[in-house]
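Required output: the full structure, derived from the provided sequences and hints.
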Amino acid sequence: MKAIVNIGLKTGVLDSQGKATHHTLDTLGFKDVVADVRIGKQIILQLNTSDENEAREQVAKMCEDLLANTVIEDYEITLEA
Amino acid sequence: MHVVVLRFPGTNCEFDTKYAFERLGATVSIIWHEETTLPNDTTLVVLPGGFSYGDYLRSGALAKHAPIMTAVKEYASKGGFVLGICNGFQILTETGLLPGALKRNDNLHFISKHHHIKVVSNNNPFLQNTTIGEALNIPVAHHDGNFYANDELLQELIANDQVLLQYCDKDGNNQILNGSVDQIAGICNKEKNIFGLMPHPERAMEALLGSVDGVKMLEGFLK
Numbered sequence: 001m002k003a004i005v006n007i008g009l010k011t012g013v014l015d016s017q018g019k020a021t022h023h024t025l026d027t028l029g030f031k032d033v034v035a036d037v038r039i040g041k042q043i044i045l046q047l048n049t050s051d052e053n054e055a056r057e058q059v060a061k062m063c064e065d066l067l068a069n070t071v072i073e074d075y076e077i078t079l080e081a
Numbered sequence: 001m002h003v004v005v006l007r008f009p010g011t012n013c014e015f016d017t018k019y020a021f022e023r024l025g026a027t028v029s030i031i032w033h034e035e036t037t038l039p040n041d042t043t044l045v046v047l048p049g050g051f052s053y054g055d056y057l058r059s060g061a062l063a064k065h066a067p068i069m070t071a072v073k074e075y076a077s078k079g080g081f082v083l084g085i086c087n088g089f090q091i092l093t094e095t096g097l098l099p100g101a102l103k104r105n106d107n108l109h110f111i112s113k114h115h116h117i118k119v120v121s122n123n124n125p126f127l128q129n130t131t132i133g134e135a136l137n138i139p140v141a142h143h144d145g146n147f148y149a150n151d152e153l154l155q156e157l158i159a160n161d162q163v164l165l166q167y168c169d170k171d172g173n174n175q176i177l178n179g180s181v182d183q184i185a186g187i188c189n190k191e192k193n194i195f196g197l198m199p200h201p202e203r204a205m206e207a208l209l210g211s212v213d214g215v216k217m218l219e220g221f222l223k
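Residue numbers (the working numbering), protein chains in the order written: chain A, 1 to 81; chain B, 1 to 223.
It should be emphasised that the hints constitute simulated quantities derived from the structure, not laboratory data.
In this text, a Cβ means the ideal position worked out from N, Cα and C, and glycines have one as well.
Hints are supplied without guarantee of correctness; some may be wrong.
No more than 16 Å apart at the CA atoms, straight line, and that leaves these computed lysine to aspartate or glutamate pairs for EDC-like [to be verified]: (1) A:Lys-19 - B:Asp-106; (2) A:Lys-41 - A:Glu-76; (3) B:Lys-78 - B:Asp-151; (4) B:Lys-113 - B:Asp-213; (5) A:Lys-10 - B:Asp-151; (6) A:Lys-41 - B:Asp-55; (7) B:Lys-223 - B:Glu-22; (8) B:Lys-190 - B:Asp-161.
Here are the in silico distance ranges between beta carbons for each label pair [said to hold, decoys possible]: (9) B:Asn-123 - A:Ala-81: 54 to 64 Å; (10) B:Trp-32 - A:Asn-6: 34 to 44 Å; (11) A:Glu-54 - B:Glu-191: 31 to 41 Å; (12) A:Glu-54 - B:Thr-27: 44 to 54 Å; (13) A:Thr-78 - B:Tyr-56: 33 to 43 Å.
Chain B stretches covered by chain A per the calculated footprint, using a threshold of three residues with CB under 8 Å from any CB of chain A [claimed, not checked]: (14) 102 to 109; (15) 112 to 118.
Given below as structure tokens:
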């Protein structure tokens with residue numbers, strides 16, 4: 001089973017990279033198209049288990065312990081068979 | 001006085017830190033991160049600057065699970081003094097030994113220069129030799145030094161006298177450097193035995209190198 005973890009800054013925490021990238025998109029002519037840009041990271045884990053509940057529980061633990069800094073970041077786990 | 005300086009793969013300020021504390025008369029040992037115990041006579045643990053684990057994942061994130069950190073947490077929980085400088089500060093926030101987090105600098109630049117920091121509180125062992133409001137000339141060198149605390153935590157830090165240092169100009173007026181909330185450059189825990197700051201006092205020990213203001217800061221631990 002594969003786990004895809006998306007990590008990004010919490011709403012309300014200034015995303016300087018997103019802001020700078022948004023600014024550059026504006027100058028490229030996308031000013032009217034783009035309302036906001038947020039940048040995060042994606043971590044893809046190949047898991048040995050095929051039990052969805054176990055996978056979700058274990059990956060959430062990894063996020064809390066290491067993969068995300070929950071003071072400033074949120075995480076979202078997607079599982080694929 | 002036995003100062004123990006930790007060394008992780010990618011640490012690069014361990015020798016400057018050793019030099020600084022030896023210059024103040026302390027005995028200094030550099031300890032590898034795979035060790036699981038601290039010397040019995042340790043009087044201060046320093047997590048020095050650098051790029052532990054290449055800053056992979058997040059600055060300080062991988063170092064927090066290094067074997068030596070269990071001993072550091074135990075030492076700190078018994079009231080032992082711990083100081084984190086730059087990457088060491090990042091490791092302490094990642095570990096949860098200090099509150100808040102250090103984000104990418106707002107201007108996205110790696111900032112490396114001499115900058116002034118103002119003493120906000122000297123009611124602690126670290127800054128006991130400094131004066132409140134005093135502007136110290138100390139080098140900074142970081143990419144992720146933008147201190148973040150939500151409003152609730154910020155109020156708590158202020159109320160408990162945990163804000164130690166703020167970025168300022170040479171006259172002590174607050175100055176934005178990297179986007180830190182309230183221009184915070186350094187904090188301590190509530191119990192005032194764990195200290196973290198982004199600037200490098202160990203690089204301000206010799207007049208020839210531009211400043212000796214680091215001396216009176218680090219000397220606080222020797223008194």
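Structure-inconsistent hints, enumerated in ascending order: 3, 13, 15
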